[in-house]
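Work the whole structure out from these sequences, hints included.
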Amino acid sequence: IGEIRRYLRDNNSIRVSRSLRDTAYKAMKAKEAFTNEHDREPSMDELAKILDIDRGDVVMALESIVDPVSLYEPVFS
Amino acid sequence: MKTTNEMHLNFPSISANEGFARAVVSAFAVQLDPTLDELCDLKTAVSEAVTNAIVHGYKDTIGTVYIDCRLLPDNSIQIKVRDRGCGIENIEQAMEPLYTTAGDERAGLGFAVMKSFTDKLKVQSRLGGGTTVTMEKTFSPRVRKNG
Amino acid sequence: MKTTNEMHLNFPSISANEGFARAVVSAFAVQLDPTLDELCDLKTAVSEAVTNAIVHGYKDTIGTVYIDCRLLPDNSIQIKVRDRGCGIENIEQAMEPLYTTAGDERAGLGFAVMKSFTDKLKVQSRLGGGTTVTMEKTFSPRVRKNG
Ligand SMILES: Nc1ncnc2c1ncn2[C@@H]1O[C@H](COP(=O)(O)OP(=O)(O)O)[C@@H](O)[C@H]1O
Ligand SMILES: Nc1ncnc2c1ncn2[C@@H]1O[C@H](COP(=O)(O)OP(=O)(O)O)[C@@H](O)[C@H]1O
Ligand SMILES: [Mg+2]
Ligand SMILES: [Mg+2]
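Residue numbers (the numbering used here), protein chains in the order written: chain A, 1 to 77; chain B, 1 to 147; chain C, 1 to 147.
Since the hints were made in silico from the structure, they are not lab data. Every residue gets a Cβ at the ideal spot worked out from N, C-alpha and C, and that includes glycine. One should not assume that every hint holds.
Taking lysine-lysine pairs in the DSBU-like style, the calculated list, with each CA pair at most 30 Å apart, reads [claimed, not checked]: (1) Lys-122/C / Lys-59/C; (2) Lys-59/C / Lys-2/B; (3) Lys-26/A / Lys-49/A; (4) Lys-80/C / Lys-2/C; (5) Lys-2/B / Lys-115/B; (6) Lys-49/A / Lys-29/A; (7) Lys-80/C / Lys-80/B; (8) Lys-2/C / Lys-59/B; (9) Lys-115/C / Lys-80/C.
Covered by chain A, according to a simulated footprint, are these stretches of chain B (three or more residues, beta-carbon under 8 Å) [said to hold, decoys possible]: (10) 28–39; (11) 45–56.
This is the structure:
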């Protein structure tokens, strides 16, 4: 069973590096939506709440895209 | 084994730092490109160790919690969580699942979680001198796409 | 001013730790509930200071980089980035925008960025003894919902 679990883990688990970028992308979109609606930027805690993830994880996700602008541009321009 | 990278962190034993400690360890471990599940397991284990240092080690006082992390070349990470708190009288007993000195407040599963979520667990303690919990975890090697 | 929380970190001066240092500082600063932009500015400033310690302070050697962070009760954070590297001969000159000793490789804007992205910047250095960069940044108080 241990071996099967390891096999599944090796082959199906999402790498953090990949999922972080997805989270960062969601965070940038959530920030955009919030700013449009409330006319101010969300705080990190508000952002974490919207995304329903730990604020430490939001920090890490944003870290995976060193400059948020570089993520932003190809998507929105 | 040769260390490829390391970091040393310390902070006061206040509960606000539990989440911080978890975030730091995962930001460091991410260099080994773990999977989400692997990282989650590691964070849970670190949480338990840090919580123990805060709530048991330093109980009603504020002391300093030390975290030392090393990356080893076989894609594993070693994490030491240290306190200079009250220490543990009987380590074997403390590590038994469901054993707790905190009555109804705690489940007594901290060490059991650390053990099952890492590959190696060592607990050293001296009454009045403090406690050091050493954990090691090896991450699965990255699977090549189309490879 | 009384410190409400603090943390102390150190790691070897390898470039893999630039991103790590940034992540740690933001994981710590997030307790003050900044906006993403505020956090981004802080991270950029920290990056510049850590990069300088690595590429200038320790140049062709590997040394230890120290980061000390304090949260102050007025919603501000103080960050010290220290190295025990070569030191800076003329601090004023070094802080001038576009001044660099790295030729074409670097833009000479590190200190200018630190200055504009934080509220306070202090540089202390001793030739042969190392450099300490102290930055402070106050985050805007949160706007209460329905308030
Ligand atoms: N760092 C520590 N310092 C002192 N005592 C500790 C420490 N860590 C654990 N202990 C002791 O070991 C017991 C078991 O720990 P654990 O398995 O985490 O369960 P719990 O924290 O739920 O009590 C604790 O109740 C406490 O008595
Ligand atoms: N930690 C440091 N140790 C030694 N010298 C430094 C340090 N930080 C900065 N310097 C000196 O100050 C100069 C200007 O730094 P900076 O404004 O960041 O520009 P740059 O890094 O692009 O050269 C550097 O070229 C270097 O000579
Ligand atoms: Mg426990
Ligand atoms: Mg620079």
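Hint by hint, work out which the structure violates, then give me just those numbers in ascending order. 11
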